[in-house]
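Peer 1: Position chains U and P against the provided structure of chain E, taking the given hints into account.
Chains as they are written, first to last, in our numbering: chain E, 1 to 323; chain U, 324 to 606; chain P, 607 to 1104.
Please note: incorrect hints may appear among the correct ones.
[Claimed, not checked] Below are the DMTMM-like pairs computed for lysine to aspartate or glutamate, each with C-alpha atoms no more than 20 angstroms apart in a straight line: (1) Lys-680(P) <-> Glu-535(U); (2) Lys-830(P) <-> Asp-968(P); (3) Lys-631(P) <-> Asp-968(P); (4) Lys-832(P) <-> Asp-843(P); (5) Lys-227(E) <-> Glu-112(E); (6) Lys-631(P) <-> Asp-617(P); (7) Lys-631(P) <-> Asp-843(P); (8) Lys-172(E) <-> Asp-269(E); (9) Lys-631(P) <-> Glu-1052(P); (10) Lys-830(P) <-> Glu-112(E); (11) Lys-832(P) <-> Glu-101(E); (12) Lys-1027(P) <-> Asp-968(P); (13) Lys-631(P) <-> Glu-112(E); (14) Lys-830(P) <-> Asp-180(E); (15) Lys-172(E) <-> Asp-293(E); (16) Lys-680(P) <-> Asp-305(E); (17) Lys-680(P) <-> Glu-430(U); (18) Lys-227(E) <-> Glu-101(E); (19) Lys-172(E) <-> Asp-26(E).
Quick caveat, the hints were computed from the structure, so don't treat them as lab data.
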Amino acid sequence: MSDAPDSPTPEHAGSHVPSGTPVSVDAPQFQVAARHPRRTEGVVALAFVVALVSFAAFGGAYWQNANNYLLGITLGVALAAFGFGLVSWGKYLMPRGPFEEPRPQMATTEREREEFVGDFATRGKIAIERRGVLAKLMGAAGAVLGVVALFPLVRSLGPKPDSSMYHTTWRKGARLTAIDGRPVNTDDIDVGGIITVFPENDVGGALSQTVLIRIQATGDVVTGPGKETWGPHGYLAYSKVCTHAGCPVGLYQELTQQLLCPCHQSLFDVETGANPVFGPAPRPLPQLPLYVDSKGFLRAQSDFDEPIGPGFWYRGGSNGSPK
Amino acid sequence: MVAALAVASVFFAPHRAVSSTSTGASSAVLVDKTSPNRTAQLSLGRTLYDDNCSSCHGTSAAGSALAPNLRGLGAGTVDLWVSSGWMPLANPTAQPTRKPPLFDRAETKDIARYVASLAPGGVPIPAVDLKGANAAEGFSVFALNCAPCHTITGAGDALAEGLNAPPLHGVTATEVAEAVRSGPGNMPRFSAFTVSNRQLADVVDYVTRHIEQPSNPGGLALGGVGPVAEGFVGLFVGVGLCVLIALWIGDRNEREDADEHGGDHASPGGHAAPGAEPEVVHV
Amino acid sequence: MIDKLFGWIDDRVALSRSGRHLLNKIFPDHWSFMIGEIALYSFIVLLLTGVFLTLYFVPSGSDVIYHGVYSPLKGQTVSEAFNSTVNLSFQVRGGLLMRQMHHWAANIFVGSIVVHMLRVFFTGAFRRPREMNWMLGTTLLILAIFNGFLGYSLPDDLISGTGIRIAFSITESIPFVGTYLGFFLFGGQYPGTAIIPRFFILHVLVLPLVIIGLLAGHLGMLVKHKHAQFRGRGARDDNVVGSPLWPTYAAKAGGFFFLTTGVTALLGAAVQINPIWQYGQYYAYKVSYAVQPDWYMGWLDGALRVMPSWEVHLPGHMIPTVFFPAVLLPGLTFNLIYAWPFIEARLTGDRAEHHLLERPRDQPLRTALGAAVFAFYFTLFGASATDVLANYLSLSLNLVLWSFRVLCIVVPLVVFPVAYKICLELQSTKGAGQRKRHNVVVRSAEGGYATVATPEYPGYIQPELDPVPLDDVDLVSAMARDGDDQADGVYRIPREYR
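Just chain E, with the same shape it has in the complex (with noise of 0.2 angstroms):
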């Protein structure tokens, strides 16, 4: 073995091996790929010796319980080093080749197949024809087999889609109730402040979840016709849930008075009623109607007029009454 310089061998350029007939060993194809092999293989040594020490770096590390860091560079470095030995030994020296192997075509021939499909279609035939009540039975037991499995999936994974599409748990009456469970009065909130807020006995809810914000001190704040009343005291209440995808729309931009859906952007003007002006939200937010009680606290007038949140098959129009 040597290490003298490299000398090319243009002379095999082109050599073609007639199939069939046995190859000299001394074929360039059987030579290993390495210009140097003795420094190649001294290169594939030195990485295994780094893999051993960096593995028994890693147990070391392991042991001590050391941090995230140490942990996986001696690992990686260990399974890396570890991998460059392997491949440089098989690419550097093996033989190089190429070499061959013949390769059968998929395609089979007219024989080949009528003989098979033959057999199949004939035993079949036979066997079903001269038992044809069993094979029926037995097609009809299989046919139930299938409609009961179906069973556990229709009707243990979850209850059917009920009124819950429709309606929250917002009712006439109900506080409005910060997450901690203390009611919002007028005065509690400044003006161009937000509060995410839900009704009393569903603090928490994510489909009740509103959120409430004041854009002047007084007056009632009219979004539309026949929503005179539902914004006093200069406060308005949405749905938290986005109409384009249902991610909570608590990015609010007091400036601008807008509120932004932090998922895709949608962005929806507070003054005229939450109307989408920007992004893929294709729905207002709906407004949750508001009155203030005797003792100053927000409640709701009723539930959202409309269902809240994305859009389903059995919402109905733009105004979303039930099926």
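Peer 2: Same frame as chain E, now just chains U and P:
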């Protein structure tokens, strides 16, 4: 230009209707400690105000076509805008960004107290007491009230119409408290009902300790912007490295082309191919 | 001892009868055939690290009070799932590394499947007889994406919880059955009662089993067909040219597994992924800005963002806007991918069996079409970061979104002709993509300039060898001589010529 200035002056209104707020920002945490030599400080603040602020906000701080009214905003609001370096403005048509403040702490407070002395109301400069603050409660309040805009890691993000919720890195405890109570720019105001003084101290504690120095035991935090940055690293570093390794392991030769080159081998080592006709181009 | 054991087994199952053939299985040497292996290996990493994680993860949505070491969570009410994920990150030895490796491996898994599919598509490797394997692979991609989403959701943190909420909305947007599907999947109206344990069993058992089964079929079909290969000396439709499984490819592929795992481990060590302790527990009423899914769902998120707010109203019914980008788009996408081999066969009329691959430039129409379609999805992927991009580039969010709405249409329209033209140019350029030789420009005495060609690189002088049929030769005695008196190989291009 006029429109731009109008937009700017609207934008920079710290609050559109502060004077009509129904609740004062009264609180145990938010107490302005009156110092003994009050008069001297006020006159110092007045000098600084007249020199640096009055050209836009007016000598009586009542605002102008260029800048909003500052009367009734309180010392806390003014302190926040000046100590954060937002004021004086670098670019009158863009949202102000954090920069080194023009005045030191004492000067800033003097200005703030001078402006506050012109009219009653508004947010005082808070003395934030973090003794016994509960960062866990602060985290929870932060997630409900702050994360929707500033993101849960405090990295900040873009709002509509070219504005943004700024990152929360490098903010001081006082600034956090002032911002929560005064609602600068596009930020809503959080009353003592929404975020109690106790909770405000908790939030300040969480922001100044855990947003400022997040626990990143897993390595590079990638700016705290979540899966977008992670995806880029996964694709371009992870998959990219693996593909590069495959390039090394595998064969890159385009065997088909090798045949085309087979005919014109030249002797290695020489610079000129023997017998090659140089193509001469006269210029 | 081993001989005896092997003999005992061999006597009962006749391993050696078919085994020798297997040792000689030829793998083509071209690098692009190894991309699928990245997916295979990262899947193995997923299985190994995943088993570790299941030892500590508690798949339950029940409330517990966090009492672990991370102080900003102490005393907070969290779910068992969240609690156990934080604990396994902070209090289990190596737990964080395993979690991060698992997550990175998932990113690499899906990513390498996509790159692998691109290779298969652009080289025409999906043509007969490999149509079924193309469809199997597409199914694996879908399952990988689904399982990635499920795993991402399991920690029950603020960001993934928002993703589940969107998933519910997408489910209920499906006409007729959507609300039923949503209720059955979640065990009731959102947020349901059962989602964490159900996602868990799907994530760790059902989908992995299906993936393993289909993967076995994918590889089995590969063995049956044998590898496709690029044209080259000796490569024909009825053979495979390359290196044998044993020992060359075993060493290369085995080493590649460790290298892939090593990359995953280094990423897990140095780059933090999904720090759920910073996100906190998910509550339906809490949300963070800059919420995105993992990248492989990103194109769907991007589609949700750029989709205009169109809703279809029917008497008593509606088709919500999310249906189009989140149900219809992926449905069309994957069905188109499934059908492509047959569409192309119909268009070209070429229904013959192919084992020799095409270079992308030689099929400019297919290449341009593939590039345009890929560019479309890549643009959608970019659109999932509209807010982050707007923030980093200090641009208006509205402007960025509108740009992406336009780009989704413009980019594919631009990419198609450009890719087509590049293909034609490459076709007519000899040796494109090959290393160029230097040209020396000499000035003559008369002031003229001459270009003198330097010699070819030795890499070009290197003869392309003819493949040797392995069944005919004695590889053993050849290998036994390796290193004895062998001249240095001629494989690599000497550095001095680069």
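Peer 1: Decide, hint by hint, whether the structure agrees.
Peer 2: Verification of the hints:
no.	hint	result
1	Lys-680(P) <-> Glu-535(U)	19 angstroms, holds
2	Lys-830(P) <-> Asp-968(P)	27 angstroms, violated
3	Lys-631(P) <-> Asp-968(P)	29 angstroms, violated
4	Lys-832(P) <-> Asp-843(P)	11 angstroms, holds
5	Lys-227(E) <-> Glu-112(E)	79 angstroms, violated
6	Lys-631(P) <-> Asp-617(P)	23 angstroms, violated
7	Lys-631(P) <-> Asp-843(P)	16 angstroms, holds
8	Lys-172(E) <-> Asp-269(E)	26 angstroms, violated
9	Lys-631(P) <-> Glu-1052(P)	63 angstroms, violated
10	Lys-830(P) <-> Glu-112(E)	18 angstroms, holds
11	Lys-832(P) <-> Glu-101(E)	10 angstroms, holds
12	Lys-1027(P) <-> Asp-968(P)	12 angstroms, holds
13	Lys-631(P) <-> Glu-112(E)	26 angstroms, violated
14	Lys-830(P) <-> Asp-180(E)	65 angstroms, violated
15	Lys-172(E) <-> Asp-293(E)	12 angstroms, holds
16	Lys-680(P) <-> Asp-305(E)	41 angstroms, violated
17	Lys-680(P) <-> Glu-430(U)	40 angstroms, violated
18	Lys-227(E) <-> Glu-101(E)	81 angstroms, violated
19	Lys-172(E) <-> Asp-26(E)	95 angstroms, violated
The structure shown violates the earlier hints numbered 2, 3, 5, 6, 8, 9, 13, 14, 16, 17, 18 and 19.
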